[in-house]
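Protein sequences appear in the order of chains G and F. Going by the numbering used here, 155 is the number at position 155 of the first sequence; the sequence numbering is gapless. Going by the numbering used here, 43 is the number at position 43 of the second sequence; the sequence numbering is gapless.
Hints may be right or wrong, so weigh each one.
From the structure, some residues in chain F lie toward chain G, with a derived Cβ separation under 8 Å [what the hints assert, rightly or not]:
(1) R3
(2) F24
(3) L72
(4) D74
(5) D124
(6) A127
(7) G140
(8) A141
(9) V152
(10) P156
(11) E158
Since the hints were made in silico from the structure, they are not lab data. Note that beta-carbon positions come from the ideal geometry of N, C-alpha and C, so glycine has one too.
Protein chains: 2
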Amino acid sequence: MPRLAVLYSGGRDSTLAACLLDPFYDIQLVTATFGITEAHEYAAEAAQAVAYPHTVYHADRAVAETACDRLLQDGYPRNAIQFLHEQTLEAVAAEYDVDAIADGTRRDDRTPTVDRPTAQSLEDRYAVDYLAPLQGIGHGAVAEMAADCLAVHSGPSESIPSADYERALRALLRERDRAVEEYFPAHEQSRVEGRK
Amino acid sequence: MPRLAVLYSGGRDSTLAACLLDPFYDIQLVTATFGITEAHEYAAEAAQAVAYPHTVYHADRAVAETACDRLLQDGYPRNAIQFLHEQTLEAVAAEYDVDAIADGTRRDDRTPTVDRPTAQSLEDRYAVDYLAPLQGIGHGAVAEMAADCLAVHSGPSESIPSADYERALRALLRERDRAVEEYFPAHEQSRVEGRK
């Protein structure tokens, strides 16, 4: 069975992406850490709760610093998060011995997104397939599909421990004495606690 | 379990789309016929071979005639096929008592495609979810995933009996004494013969 690395935050979408591809791939979940927070441990716990193998990819802190510079320059997080996602996809494609990489990006995600040329470029340069099984599925159906098979805890992003890019950027903003809430509007976050 | 209608040609992609969503939905396959060919019977055979319930949707012949007019006007089939797909999605969303509709469109399909505003509009107007589980997956991975679970027969589109839009348009071109090969370049077609 071909080997697949799924970029994993411990949240609903990346877990559902893994479940969808499970019949076709030997799955491992991968969470990037930039050495800023220990949030990858939340992802490791979620991975254990759904019984998938999990590894942590130790990325360069400088990548997150660059993203934080961009965030401060823009005044909003979209490009910074996009940059972190693309850098992580590149790194995992380059350094993991897998046939394919995947993520949990949805049809109506505004960021990160992986457009067709970016996907094709990743595939060509690293000889892997890039899979985004939720790319053609909207928010409502993703929520229903996840509710069918996963125990998901949702709430305000501040209060839900997950290992997404926002958490690293929030920590860097705090280090730089910036007001986090100026850059990240309140939104809902999810955390997977097990299978149903 | 929510009910899903999958637009079905009997080919590889629409069958794989059904397989991917199978754990989450009560699936029925739907093949449109415009009253021009009996090609929906090939789709019915393929559906039986993979053991999914199958129904035929009898669309108005005028829809295919309009598409054929467009094809002759354009000189290429892209917009005609897009029109037939959108009309079929609309009709199935309107007339089937389902919670969701799906198709087998891939990331690198040039036609038909369903972009995000079109998907959102379908969902809003008919109160269904629209799912394109292969939208974020490229040709290579789709072929591998299908090969893993389906017995697929592939060959030149002329020689593989399937119930796609091209077949109806080809038949109408013949009725109008037009040279089919001027409008449809040779390409590969697939037909599902069972599960592995």
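Output the numbers, in ascending order, of every earlier hint that fails for this structure.
-> 1, 3, 4, 5, 6, 9, 10, 11
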